[in-house]
Every structure is written in C-alpha cells, then in structure tokens.
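*Asks:* For chain A, the structure is supplied; the task is to place chain B on it using the hints.
Each chain is listed here by its residues.
Protein chains: 2
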Amino acid sequence: MRIALAQINCHIGNLSLNADLIEKNLSRAKESRADLVIFPELAICGYPPMDLLESEEFITNCEKAIADIASRCTGITAIIGGPSRNPSLKGKNLFNSAFVIADGKITDVVHKTLLPTYDVFDEYRYFEPNREFKTIKINQTKIALTICEDIWNEEDDPMYVFSPLEKLKDQGFTMIINIAASPFDYNHREKRISILSRNAIKYNTPLVYVNHTGAQNDLIFDGGSMVMEYSGAVLKELPYFESDLSFFDFNLLTSFPATKPTEKYERIRKALVCGIRDYFQKCGFKNATLGLSGGIDSALVAALATEALGPEHVHPVLMPSAFSSEHSVSDAMELASNLGLNATTIPINKIFDTFIEETKASFRDKPFDLTEENIQSRIRGTILMALANKHGYVLLNTSNKSELAVGYGTLYGDMAGGISVIGDLYKTEVYELCNHLNLKKQIIPKNIITKAPSAELRPGQKDSDSLPDYEILDRLLFMILEQKQGREGLLKYGFDKSLVEKVIQLVNRSEFKRFQFAPILRVSTKAFGSGRRMPLVAKYT
Amino acid sequence: MRIALAQINCHIGNLSLNADLIEKNLSRAKESRADLVIFPELAICGYPPMDLLESEEFITNCEKAIADIASRCTGITAIIGGPSRNPSLKGKNLFNSAFVIADGKITDVVHKTLLPTYDVFDEYRYFEPNREFKTIKINQTKIALTICEDIWNEEDDPMYVFSPLEKLKDQGFTMIINIAASPFDYNHREKRISILSRNAIKYNTPLVYVNHTGAQNDLIFDGGSMVMEYSGAVLKELPYFESDLSFFDFNLLTSFPATKPTEKYERIRKALVCGIRDYFQKCGFKNATLGLSGGIDSALVAALATEALGPEHVHPVLMPSAFSSEHSVSDAMELASNLGLNATTIPINKIFDTFIEETKASFRDKPFDLTEENIQSRIRGTILMALANKHGYVLLNTSNKSELAVGYGTLYGDMAGGISVIGDLYKTEVYELCNHLNLKKQIIPKNIITKAPSAELRPGQKDSDSLPDYEILDRLLFMILEQKQGREGLLKYGFDKSLVEKVIQLVNRSEFKRFQFAPILRVSTKAFGSGRRMPLVAKYT
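These protein sequence lines map, in sequence, to chains A and B.
Residue 1 is where the first sequence starts when you use my numbering, and the numbers rise one by one after that.
Residue 1 is where the second sequence starts when you use my numbering, and the numbers rise one by one after that.
Among the hints, a few may not be true.
One copy or two, either will do: identical chains are not told apart, so a pair holds if it fits within one copy or between any two.
[As the list claims (entries may be wrong)] Okay, derived cross-link-like pairs now, EDC-like style, lysine to aspartate or glutamate, Cα gap no bigger than 16 Å in a straight line:
{"id": "1", "residue 1": "K167", "residue 2": "E501"}
{"id": "2", "residue 1": "K497", "residue 2": "E23"}
{"id": "3", "residue 1": "K30", "residue 2": "E57"}
{"id": "4", "residue 1": "K526", "residue 2": "E54"}
{"id": "5", "residue 1": "K440", "residue 2": "D469"}
{"id": "6", "residue 1": "K264", "residue 2": "E511"}
{"id": "7", "residue 1": "K390", "residue 2": "E357"}
{"id": "8", "residue 1": "K539", "residue 2": "D20"}
{"id": "9", "residue 1": "K167", "residue 2": "E132"}
{"id": "10", "residue 1": "K90", "residue 2": "E154"}
{"id": "11", "residue 1": "K137", "residue 2": "E229"}
{"id": "12", "residue 1": "K64", "residue 2": "E229"}
{"id": "13", "residue 1": "K484", "residue 2": "E471"}
{"id": "14", "residue 1": "K169", "residue 2": "E357"}
{"id": "15", "residue 1": "K191", "residue 2": "D35"}
{"id": "16", "residue 1": "K440", "residue 2": "E307"}
{"id": "17", "residue 1": "K446", "residue 2": "D35"}
{"id": "18", "residue 1": "K270", "residue 2": "E334"}
{"id": "19", "residue 1": "K286", "residue 2": "E312"}
{"id": "20", "residue 1": "K390", "residue 2": "D369"}
{"id": "21", "residue 1": "K390", "residue 2": "E373"}
{"id": "22", "residue 1": "K539", "residue 2": "D51"}
The hints are simulated quantities; they were obtained by calculation from the structure and are not laboratory data.
The following block holds chain A by itself, in its conformation from the complex (with noise of 0.2 Å):
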C-alpha cells in the first residue's frame, strides 16, 4: 500500500480553506499513484476549534464540507478528522472523529476514545468519547484507525482506564494509523517517537502517524507526521514545521536515512518564528511594533519578529525616560540597526511630568513608589498601544516567563500586546536563545546580552535589587511550574526557605496579572494560560 501523510497547516473556522487544502492534498496524493491519503485530528475545522464546536450551524458546515470532499472522492481512500455527531440522546452531543472516505462516499466513521481534558485540552467539554470498538479495512489491510490521545495511555501512570488498542486486538490488525493534534513543546519529538514506538512494538505492527503543522494562538503544531516499522525505527519522518505532503510504499519498504534531531534552542526558534507569522497570517496582520528597552528580551523579539515578518514590517519604537541610560538608547538603536529596522523614538519624559502634575493632588504626598514605575510603563503601553492603533500594527508583547512567574511587569504597561513571543522561555533560556540566534552572525549586540537586567524605571535599578539571580530563580520556578512541586519538596532540593517562601508568594500573589495576560506562544510542557488555571481568590496556605 502506496501512503501519503498530509501534514496541513489548518486555519481554526475556516472551513473553505482547509476544505481547499485537503482537496489539493488529495488531488496530489491521487496523481502520485498514493492508494490512500492521511490529514489531520479535526482537520476539517482546526484544532482546538474550542467553543465553535458549540454552534449548530458550525456542526453543520463540518459535515458539509466533509461529505462535498467525500463526493468528489474516487481512486483513493481518504482519512480526514472532523466533528460528527452523536446519533445518541444520552452523552454529549458531538463525538472527536476520523472519517474515512472513497469512492465519493463516506465509508467508515471511527471515533476517538481517550479525550484529554487537563493542560491546554478541553475535549471532554465537548466530545463523548468512543464505545464501540472496530478495525477499518483500506486496501485488504486491516488497520486500527485511532485518533492521538488513544495511543498515549501511558504504561506507569494510565490517565484512563483501558487503551483502544487493547480492546482492537483481538479483532487482530496490521497497521496502526494516528491522526493527530499534538502541539509542541521543546521536548515533545522524543516523548512522541517514544509513545510511537511502544505501540508498535507492543502490537508488532507499522505505524503512520499524521500531525498537524502551523500555529494557532498560543499553540504551535510542529509536524513530525512519521512512519515507523514495527520494530519501533523510524522509516521516515516529515520536516518540522512544514507544510507537507510525503509519501511512503510499505510494498516496498524503503528505508529513510534518519532525520538529525535538531537543537533544543533551533527548535524554539523555528517554534516561535513560525508562531508569530501564522498569528499575523491567520489574523489578518502584516506588520508588528514593540518596545526596544535595549534589554534583551525586547531585543530577542525584534529578531524573531523580523524573521518571522521581514524587516520591513517590524516597527520598534524607543521611549526613553529621565532613568534611561545612555546604552540603553545607543544598544537598541545597534539592535535595529543590525536587524535593518527603521526605529522610532518617543521620549516619555514631558508625558510622565504631566502625569505627574496633574495627579499630584491626588497622591496626597506619599513618595515615589511603584506607582510612578507603573506610569512610566503605562505611557509606554498607551504610545504602543497609539502607534497600533494608527497605523495597524500588531503589538508584540515582551515578557518572558521568569517575569510573568513573580509579576515583576505592570499590567496594562510592559504587559501589553496582542500576542506575547518569548513569555514562556524563562529569563536564562532568553540569554541562550540569544546566544543561539547570535551563532552565525552577531544580531543581538554583545553588550545586550551582558549588561545587568534592568527595567531602568528608577535610578540605578537592577532586576537583582529586587529578585534573586535569574540562574537559581528560574531553576526555582522550573520545579515549581513544571514540575509542581510544593514548599516541601522544593526544600528538600536545598533551596534556601526565605527564598522559597518569597518566589511562592509572588508567583501565587500575581495570577491576576497573568489572568489579564495576551495569550502566549508555548514552548514548554507547562506555560501560563490555558494550561495552567489558577483561582484568583484563593489563599494559599
């Protein structure tokens, strides 16, 4: 059997265009002699199509257009995710499904089992999950068709109580076919050929797996649609965030040299760059501002965004205040100059006396506090903000994660934007990934990188006058964050206990910010945002 794996960059609701992209993949796959073809979870509408799925009329369109493709569909078997309906009144409406279609019909509906509702997945709000048990036929082979989250019921600690695979395998089949929406995170190829492989050793049998590629919102799908032999090798593994559309002859067997794993920091790199250009694609955008500082972090956004939108459509803006040092001013106009951007500058002084002036009544002679740091940031979000407005940029958003973990930023000022790049790369993997971007050529000026952290708000300030080193924090925050450990454990790691004490405050003391935050690219297993939801009133004791 002649395979092609669609690996599509969906755009979530837009049923005409990833309509358009399966029926061109198809066309492709049928001229290249493929017996059958392989899209997507949720192809149809994106994934996560979210509430969308709660729309009658949406239901419907997702039909539509997945019967108006199976119609046209001769000379080939297609396999395309897509909500279908649940034919029972009891459970919920919908359920997650593969349909499988060829000549001009559709022939066979398999529906997911496993719904993963915890981090960023909401399935269980919408989808009832499978009950019935049955192996397709494509071609005299019997395949168990399943949908991503039903081959990762892990061995040690299952999350549901059965695997589908288990209740397929006595129907017996010889090929394990996955389509997936399975969202990157630095590590997530390894975890995922490892998943991979343990089904296929487990069932003896080939497996092709199918993923969604591009970006949606905070999401960023890398790809990585492969095959893999029964022995668990990878026989042929598509690029990374790539559109693709790769073909593989189990007749023949072929083997693929294998693909080199690409570098933690590359792969953020491509992660980001490709999540910045589709939020603009998919929204409608093309051109971006943000604020350069002359820190790093805005720095390493201006690189990204110019990568990701070509230099001329990246618009930094300088806004330097009575605490701005002189390098600051002369490292980001370096920064755009290396990245060929056209910077302008605003000085913040004569709006922040007004400020000032006009509210000093008002602050009953209390001393300058947070509060004029607050304002000096809130010019800086409003004349952002201003230029956005005017002109029709997109604000990028600066924060990184260490930040964003204690709320060192100020709402509605620094933490402003449409979209925020690096706020899930902690401080530390802000520096690498300079570093990283600095590999080949110089593009973020060396004196960014090693000056001292600071938000330059009062005289002399230093990130470290108020936070630990960035090196123990974000080690602090990573067991804290992604590891979910408590005080307890965190003590037993021979972390000093004033300090545990005072990073588990801020961090619990600033969910309000973040509640209030732009969404955020996700890198790593565990970002702020949808995958991690804390209540807002709580006390943590």
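*Replies:* Relative to chain A, chain B alone:
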C-alpha cells in the same frame, strides 16, 4: 433523624479557615442535637480549586484537614466534601468525594460520578468518575449520597450515559442527600428546584440539598440549600447569599412557610453585592476606586460597590476631557453625593495634549480617529491604576455585557480593572437594575438614566452612532451568546440581515479584547470568561 444543613462560605485554598468553619458548624449542630450535619461539595478546599488540585502537597493537606476533623467528630455524623486520591493506578489521580465521618473516624467515602465539564466547569480535568455504587447507612436510614451533577442528568437530553441513582435504585434507599457547588444565575433557583423535585418524585424519597454560599472570583454561590419532600414540595429553603446553619427534623416533619421568590433584579443586586464584597474580603482588600463618567454603567457600579464596601471605602474619580459635557460632571457629582462618596476630579486635557504633542510626528498627519479616542481612555485607565497603586485600592471595571460583546471599549483603558462588576449585564439590564435600585429612593440621578448613552471621546459622540438600539442589540446578543444561535437561526427570527452580519462580526472580532479582560461576576447562564472559550486566530465563516 434530625439533620443540620451547613451552608457555608468557603475560601478557596484556605484550608485552615474552611476547616475552622466546618468545625464550628459541626459543634453547633451537635449542641442542637442533630444526628447528621451536611457540608457542601469540596467544602474543605472551596470550589473551584482549579489547578491547586494538581499539587500533591495540596491534596495531602486536604486529606489531613478532613482526617483531623474526623478525629474530633463524635456524637454526630457529618458529611464533608473534599478531594480524595484514586487508589487505582488507572485513570485520573483524584476523586471528587463526600467523606462521611463519625465516631472519630472516616466511616465512608462516596465519589462523584458525573463530572460537569462544560461552561465554567472543568471537573474531568482533575477527577476520575466513580464507577462503584453503594448506598450508605446513617441512623438506620439508607441514603443515596450524591454530589451535585450526579442528580442533574436531564431526561430530555442527558449529557451522561447513565445516572448514578439508577445504579443505586436496586439497593433501595429512603433518602437522597446531595452536596453541591452550584453557582448562581438569575434563573437558577427555579431550575434547581425543578431538578431536585424531579429526583424526589422519581425515587419517591425526601431529598436534602446543601450548597455553598459566597463568591469565588467570577462564580457567585447563592446557597438556597433545601429539604424536599418525596412529593417534590420544598419543606425548607435556606436563605440566599448568606451563611446559615438550619435544622430539619424528619421525625417531626414540620412544614415551613414557602419562601417567596425574589424578583430577577433583586437577585442580581444581591449576587453582585455578594460578588464585590467577597472578592475584596477574600483577596484582603478594603478600598475600591472607579472612574465616574456621568454615565449609567459607572453609576451602577458605584452604587453596588457602596452597598458592598461602605461609602468610606469607595473612591470615585472624575476625569473630564475637552469632549465631556457639562452634565457628565454634574450628574457624576450628584451621584457621588447621593451615595455619600468623596469624589476626586483629575482632568485629562493636559495629559492628552502632551500625548498628542509627543506622538504627533509618529502619527504622520493622519486624521483624528479611534487612536485618539483610545488614548483618552488609556489615560483614564492609567490615572485610576495610579491611584489604586498609590493608595492600595482595587480598580472596579464598569464595562457592561453589550459593550464587551461588540468590542465597544478600549483594552487597557476603560477595560482595565481587577474585577468586572456588571460585565454580565446587558445594557438594557443595567437600566433595569438602576430602576430597581431607585425603587425605594432615588440613588441614581434621573438624568443619568434618561440621557442618551455616550462614551464622550469625540465631539457629540453617541453610542447610537456606531451601535444599533440597545433594545435590539441586546435581544440579538442574547440569542447569539446565551442561545448559541447562528446566522441562519437569527435570520429566521426576522432580524435585519445586515444587522445580523454586523453584530456577529463585531462579536467575533473582539474576542482578543475579552481574552485580556478582568474576571466577570457571573449572573447569567452564559457569561464571558471561563464559561465561553473561543479561539482567537479563527476565521468564522
């Protein structure tokens, strides 16, 4: 059997406070010679605990707290909601459980079967559904102990494939107990009574229902615990929006006078006052600020906040601009005086002029547009946040549901604030609630209610310049949001086609604004926020 219903106001994560509340009510119940005292669902940790449940330490602390209470519980039986660990390796790690305690120990643990995962609920994110069904025995009475959703599987379109009471039927039970965490909406009381009575009648038993009271962030729990006869008649109904410990003696079977249901706007008033008060109290704040524009939205929020916090704790700010009409200021001052509030005035003209001066070059001679309107709004947001920062106030947001729905508001400007008070009230409901508040005494000045709504961000601006009449808009929005009607459905109701297209587009295009909005006190069946999750990069075709 003499039963005590303990309708308590928990604080999420505050285990020592919750345990204390439970112990105090337990002692009082014992003193009053109750045989059984019943606490709500997840009472030990508060509802919803959200991702706190993912912390091992948190679960251990919940277990300890329950065990502690149990060890001291003698001479009475108590039922307390809390999380428990799933002893099986398979499935999710936790159950949502009801602990039965007596004689100094935990005598039974019953788990929740139906896990609401829709709208604001995410229970399958954390919990494994129960699969073992047993009745419990307390004082010779065989009881079906259920948890909230367990009795809510609706017969006409059941969301679950079976009901736990059906599984228990054959074991025979003579009483249903339901511990709940069932949040308020303005029709919820009737819905609740109907569901409870359907169960009482179907199984021909009395039913005891115990709910939370008090607000947790966006969710407001109204209490309304009750005892119901086998006939479905309410025998006793606890008060709404109040902590209470009430007793019912099944040996005496006294009937209490029926509670007179309160009217929609009186319910909403109570809910919002409770929502504000608990938000402040549980977050440890005392003082609020808000902008008073002279319009109806801010007037209503000021009135509700004054009732919730006291006039000495509400600090309104008038921020007139060159576009503000005279009556805006005088109406706002009259309102402040009616409420006994001390208003501050900070004109924004000078700040605005400085902004325009400093950004002029970068605006490249483009004409006055939304940009300048947004700058005014963001200056106001910055001033309000500055006062909040300087004096430790919380900024109350004053946006209404109609504005939020169509994106008629400025992100980081009038959309700023820690909590949205009336973000779940359509503009027409804002008027109704103001009229309701004015019933006894004119609190909201008449002119505020009768004048045409305007944002006053450019000369002579009126809401009606860019939006349809609120009567029509709100009806349309209700059908889109609450009833999930699509384009086709709306046209069938006779709405103008171009209006339908326009409003749907406005709703879709403003998802990104609502994404960054404050938590909204929920009073309807479909509030913006966690109950409505829409993709941001989607194209809605």
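*Asks:* Hint by hint, note whether the structure agrees.
*Replies:* Now the hints, each set against the structure:
| no. | hint | result |
| --- | --- | --- |
| 1 | K167 - E501 | neither (48 Å within a copy, 48 Å between copies) |
| 2 | K497 - E23 | neither (60 Å within a copy, 32 Å between copies) |
| 3 | K30 - E57 | neither (32 Å within a copy, 56 Å between copies) |
| 4 | K526 - E54 | between (27 Å within a copy, 12 Å between copies) |
| 5 | K440 - D469 | neither (29 Å within a copy, 60 Å between copies) |
| 6 | K264 - E511 | neither (28 Å within a copy, 33 Å between copies) |
| 7 | K390 - E357 | between (27 Å within a copy, 15 Å between copies) |
| 8 | K539 - D20 | between (51 Å within a copy, 15 Å between copies) |
| 9 | K167 - E132 | within (9 Å within a copy, 22 Å between copies) |
| 10 | K90 - E154 | between (29 Å within a copy, 10 Å between copies) |
| 11 | K137 - E229 | neither (19 Å within a copy, 57 Å between copies) |
| 12 | K64 - E229 | neither (36 Å within a copy, 50 Å between copies) |
| 13 | K484 - E471 | neither (19 Å within a copy, 49 Å between copies) |
| 14 | K169 - E357 | neither (76 Å within a copy, 74 Å between copies) |
| 15 | K191 - D35 | neither (30 Å within a copy, 54 Å between copies) |
| 16 | K440 - E307 | within (14 Å within a copy, 64 Å between copies) |
| 17 | K446 - D35 | neither (55 Å within a copy, 74 Å between copies) |
| 18 | K270 - E334 | neither (24 Å within a copy, 59 Å between copies) |
| 19 | K286 - E312 | within (10 Å within a copy, 50 Å between copies) |
| 20 | K390 - D369 | between (32 Å within a copy, 8 Å between copies) |
| 21 | K390 - E373 | between (26 Å within a copy, 11 Å between copies) |
| 22 | K539 - D51 | between (31 Å within a copy, 13 Å between copies) |
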